[in-house]
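Student: These protein sequence lines map, in sequence, to chains A and B. First residue of the first sequence: 80, per this note's numbering; consecutive thereafter. First residue of the second sequence: 9, per this note's numbering; consecutive thereafter.
Heads up, some of the hints might be wrong.
To list a few chain A residues with every Cβ distance to chain B over 10 Å, as calculated [claimed, not checked]:
{"id": "1", "residue": "87"}
{"id": "2", "residue": "112"}
{"id": "3", "residue": "114"}
{"id": "4", "residue": "129"}
{"id": "5", "residue": "136"}
List time: in silico SDA-like cross-link candidates among lysine to any residue, alpha-carbon distance up to 25 Å [said to hold, decoys possible]:
{"id": "6", "chain 1": "A", "residue 1": "101", "chain 2": "B", "residue 2": "173"}
{"id": "7", "chain 1": "B", "residue 1": "196", "chain 2": "A", "residue 2": "98"}
{"id": "8", "chain 1": "B", "residue 1": "71", "chain 2": "A", "residue 2": "117"}
{"id": "9", "chain 1": "B", "residue 1": "15", "chain 2": "A", "residue 2": "90"}
{"id": "10", "chain 1": "B", "residue 1": "196", "chain 2": "A", "residue 2": "131"}
Partial chain A-side listing against chain B, Cβ under 7 Å, derived [claimed, not checked]:
{"id": "11", "residue": "90"}
{"id": "12", "residue": "96"}
{"id": "13", "residue": "125"}
{"id": "14", "residue": "127"}
{"id": "15", "residue": "131"}
{"id": "16", "residue": "132"}
{"id": "17", "residue": "134"}
{"id": "18", "residue": "138"}
Just so you know, the hints here were simulated from the structure itself, not pulled from any lab data. Only a predicted model underlies this, so the values are computations on that prediction, with no experimental measurement involved. Quick reminder that beta carbons are idealized off the backbone N, C-alpha and C, glycines included.
Single-letter residue listing:
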Amino acid sequence: MPTREKSRCPSCGAEMNFHAEKLDVSRALTEPDAVDSELGGVVEEFHTCPVCKFVLERGAAR
Amino acid sequence: MTVALDKSLFIPVILGTPRQGRMSEHVAKFVLAQVETLPGVETELFDVRTLSFPTTDAGEQIKHPAFSDAMMRADALVIVAPEYNHGYPGILKHVLDTNLKEYVHKAVGLVGVSAGPWGGTRVVQNLLPVMRELGLVTIFWDGNFPNVQRAFDPATGALVEPAYVRRLEKFLRELVWMAKVLRYGREKVPLE
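Could you build all of it, start to finish, from the sequences and the hints given here?
Tutor: Take a look at the structure:
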């Protein structure tokens, strides 16, 4: 698997761990251009900071 | 690999009904007291009656800063829910729906409460798919409080059925284990 660059915590600056993805199908209504047509929704990534517990949610890179 | 278990766990308890005369309040306070006895665990009670969420919108548009901060800090949740017409209180769902990222890959334990003999088994069953969609991970111990009016002194709220102490001990042991494992996963195990 290719190594991806780790996110930095916007709260404390520590390196975050990317541990989950979720398909948000409701956003097909509000952001049709962002929808991954094969998956039928927008893929969101979840990153957790091991230092301060901050959770970052962001759209997955396509 | 080392597991960062030096940090304490935060396991808030959510009281899921605002109704007057609610017996679930006795259950939630009992659960909170039991969680407080766990070494290395911090807790706090969140009562949907006092959280004050507007009902003119829903979801992440109406986040409550203190509640969302607590959910982000949480390693696991305990939800105390009475069974109303075989379902969960609408206000509980309304409150839970205000967050998502705060819940992902965190443990949840469900405690059902009923005046009848089934102990909220149906509210627990009906909450399971909701928990899954919110990204929470359920455990296979539940808390069930049937005939709740007999389990607590209605005047003082004191527990009068001591068997619940041991039952909740088992439930919390499993919840803490799951909370530790999932915290390790969130912090250390990348999605590949």
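Student: Hints first: check each against the structure and report whether it holds.
Tutor: Against the structure, the hints:
{"no.": "1", "hint": "87", "verdict": "15 Å, holds"}
{"no.": "2", "hint": "112", "verdict": "21 Å, holds"}
{"no.": "3", "hint": "114", "verdict": "18 Å, holds"}
{"no.": "4", "hint": "129", "verdict": "4 Å, violated"}
{"no.": "5", "hint": "136", "verdict": "4 Å, violated"}
{"no.": "6", "hint": "A:101 - B:173", "verdict": "37 Å, violated"}
{"no.": "7", "hint": "B:196 - A:98", "verdict": "8 Å, holds"}
{"no.": "8", "hint": "B:71 - A:117", "verdict": "31 Å, violated"}
{"no.": "9", "hint": "B:15 - A:90", "verdict": "18 Å, holds"}
{"no.": "10", "hint": "B:196 - A:131", "verdict": "14 Å, holds"}
{"no.": "11", "hint": "90", "verdict": "10 Å, violated"}
{"no.": "12", "hint": "96", "verdict": "6 Å, holds"}
{"no.": "13", "hint": "125", "verdict": "5 Å, holds"}
{"no.": "14", "hint": "127", "verdict": "4 Å, holds"}
{"no.": "15", "hint": "131", "verdict": "9 Å, violated"}
{"no.": "16", "hint": "132", "verdict": "6 Å, holds"}
{"no.": "17", "hint": "134", "verdict": "5 Å, holds"}
{"no.": "18", "hint": "138", "verdict": "12 Å, violated"}
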